[in-house]
Amino acid sequence: MAKRGNAALLMWPGVDEMLLTPQVRQALAEVVTLVDDAPIDVMGAPAADLESVEVLIGGWGAAALDAAALDRLPSLRLLAYAAGTVKGVVTDELWARGVVVSSAAAANAVPVAEFTFATIVMIAKDVFRVRDTYREVRGEQPVMGTGPCGPLGTYGMKVGVFGASKIGRMVLERLRSLDVEVGLHDPFVEVDEAAALGATRMGLDEMCAWADIVTVHAPELPATRHLIDAERLALMRDGAWLINTARGSIVDTAALEAECASGRLSCFIDTPDPEPLPPTSPLWDLPNAVLTPHIAGSMGNEVARMGRLAVDEVERFMAGQPLCHEVRAEDLDLLA
302 MAKRGNAALL
312 MWPGVDEMLL
322 TPQVRQALAE
332 VVTLVDDAPI
342 DVMGAPAADL
352 ESVEVLIGGW
362 GAAALDAAAL
372 DRLPSLRLLA
382 YAAGTVKGVV
392 TDELWARGVV
402 VSSAAAANAV
412 PVAEFTFATI
422 VMIAKDVFRV
432 RDTYREVRGE
442 QPVMGTGPCG
452 PLGTYGMKVG
462 VFGASKIGRM
472 VLERLRSLDV
482 EVGLHDPFVE
492 VDEAAALGAT
502 RMGLDEMCAW
512 ADIVTVHAPE
522 LPATRHLIDA
532 ERLALMRDGA
542 WLINTARGSI
552 VDTAALEAEC
562 ASGRLSCFID
572 TPDPEPLPPT
582 SPLWDLPNAV
592 LTPHIAGSMG
602 NEVARMGRLA
612 VDEVERFMAG
622 QPLCHEVRAE
632 DLDLLA
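Going by my numbering, 475 is the number at position 174 of the sequence shown; the sequence numbering is gapless.
In case anyone wonders, no lab produced these hints; they're calculated from the structure. Some hints could be false.
Once the Cα atoms are required to be at most 20 Å apart in a straight line, the calculated EDC-like pairs of lysine to aspartate or glutamate come out as [what the hints assert, rightly or not]: (1) Lys459 to Glu482; (2) Lys459 to Glu441; (3) Lys459 to Asp480; (4) Lys388 to Asp539; (5) Lys388 to Glu415; (6) Lys426 to Asp393; (7) Lys426 to Asp539; (8) Lys388 to Glu521; (9) Lys426 to Asp506; (10) Lys459 to Glu521; (11) Lys388 to Asp634.
Produce the complete structure using the sequences and hints provided.
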């Protein structure tokens with residue numbers, strides 16, 4: 302029988318109701334005892350409630366676990382973070398005290414990959430232009446047969462994936478179901494690994510010039526800021542599309558606005574920079590620009606998938622088993 306321990310929830314009030322379904326709460330209760338059914342405030346909770354807490358289940362709104370917070374959690378052994386990036390929560394002090402960290406980023410990656418894949422198919426069918434044209438003609442057949450990148454449809458289309466992140470790999474997996482050519486740019490992926498992922502390894506410039514659609518899945522790091530800049534956008538073929546469901550800073554927004562305003566390129570942006578775009582941005586009104594309000598990630602019932610993953614990790618930890626989604630300090634520089 303797995304050892305039981307005490308646990309607490311660290312997140313905004315109400316987030317726990319989205320993350321933890323009744324079934325998941327029951328599974329959690331079988332391996333740990335919550336010191337409070339509601340999320341706690343580490344700095345405000347009674348010390349007696351915190352001294353025995355071995356496990357924190359974190360989520361959106363979790364405060365950084367600095368030295369002051371950790372001093373109030375002397376028994377803490379695991380942070381199971383039921384959201385994406387842990388960078389706003391973990392600290393050097395947390396690592397120094399040997400606390401194990403797990404992230405539900407892999408669960409959050411699923412809806413982003415689904416959203417991206419659906420967007421690629423919609424672009425290939427020229428859905429956004431056809432929607433507008435069909436509305437104008439009120440039932441008459443709109444001009445069809447060619448899309449922005451050539452013949453209408455996915456067959457033979459060239460898709461460039463920028464970044465073999467968790468999301469990027471899930472997109473690559475889904476692209477296998479289509480008869481498309483796939484390029485991959487990731488400086489940490491070699492030719493053989495790219496081939497195993499169903500893609501041809503390419504330089505970023507080469508891929509931008511080659512692809513009908515470039516989809517961005519790189520992490521937001523100082524080194525990735527504006528990697529999709531005016532020069533690389535200029536390399537993209539006339540009629541090509543840029544999809545960004547990663548982070549806005551990877552794309553030079555001013556350069557993208559100029560290319561889309563000219564009509565040469567089109568874009569689908571879920572994560573702009575800045576976020577949201579100012580009302581004066583031309584992307585709001587251009588027919589070849591599609592904007593969505595950061596909805597690719599977990600929304601609605603998808604949020605519960607992250608809670609399930611976090612509780613699965615707690616179950617493994619309390620049973621003395623290896624975690625499946627551990628985050629290590631040395632990995633942070635490469636993570637979003």
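Hints that the structure is at odds with (numbers, increasing): Going through the list in order, the structure violates hints 2, 4, 5, 6, 9, 10 and respects the others.
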